[in-house]
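Residue numbers 1 to 219, in full-length UniProt numbering, belong to the letters of the sequence shown in order.
Certain hints may be false.
Stated by the list, open to error - Taking lysine-lysine and the DSSO-like style, the derived pairs with C-alpha atoms no more than 27 Å apart in a straight line are:
(1) K167 to K71
(2) K167 to K115
(3) K167 to K116
(4) K43 to K71
In short, the hints are calculated from the structure, not lab data.
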Amino acid sequence: VYLEYEHVFFSATDLADTVLAARDNGLPVIAKTPQLERAEVAKLLECGVVGIQLPRTETRAQVETLLDYLKFPPSGTRAAAPGYGNSDFVVPEDARAWLQEQDEEVSLVIHIETKKAYENADEIISTPGIDMVYVGPGDFSVELGQPGNPEHPEVRGPMAEILALCKQYEVPFGTTAINAEAGRRWVEEGALFFEAADELEFVREGATNLVDAYRGFIG
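Work out the full structure: start from the sequences and follow the hints.
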């Protein structure tokens with residue numbers, strides 16, 4: 001499950017409850033932090049997310065800062081605060097094992113969506129510790145002068161270059177495809193994950209299919 005925590009209106013309680021519900025159903029959660037700030041990242045980790053996505057990643061220094069927030073000493077400076085969603089509300093009996101488990105479990109996802117990030121893509125993606133690279137086609141298309149048209153060659157070309165860098169550095173690449181056919185092409189080129197749709201789209205599609213089915217036999 002991916003939580004959009006940069007743009008949507010989550011209260012801290014709603015966020016924690018959502019992550020708890022997902023974990024209770026065996027669904028790992030990746031959340032986008034609203035900004036590169038230690039306390040924001042810490043709260044997401046204490047909720048129990050297993051991955052942090054950094055919007056507007058533009059430099060290697062930003063990646064290294066986030067990595068520092070994600071890892072416990074000596075690898076980073078994350079503060080130990082078990083007993084919340086990060087340990088299923090149980091204080092671990094073996095603190096050392098829990099710290100190691102957290103360091104291994106939590107993933108760092110960079111979010112490339114600006115021209116500056118594209119220009120710095122090699123130094124960003126080559127940073128040790130990155131687990132996934134996501135290219136946001138919406139803002140990326142705006143930055144490259146083709147708003148709303150991520151399949152335009154001036155957008156798709158740079159995205160393909162980023163994918164090639166991901167292959168070079170053995171980092172999984174993902175994006176959001178405009179439709180299933182575009183998704184198929186990305187998979188053929190090597191994309192390994194997608195942000196596919198949000199709950200409103202699922203509700204709308206499900207309701208539309210049901211209404212259309214009834215209209216079909218009611219006449």
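Exercise. CA of K43 to CA of K71, is that 27 Å or under?
Worked result: holds (14 Å)
Problem set entry | K167 paired with K115 [C-alpha distance capped at 27 Å] | holds (20 Å)
Exercise. Are K167 and K71 close enough, with their CA atoms no more than 27 Å apart?
Worked result: It holds: about 25 Å lies between the C-alpha atoms, which stays within 27 Å.
Exercise. Given the hinted pair K167 and K116, is their alpha-carbon gap at most 27 Å?
Worked result: Holds - the C-alpha atoms of K116 and K167 are around 21 Å apart, at most 27 Å.
Going down the numbered hints, you'll see the structure goes against none, and every one checks out.
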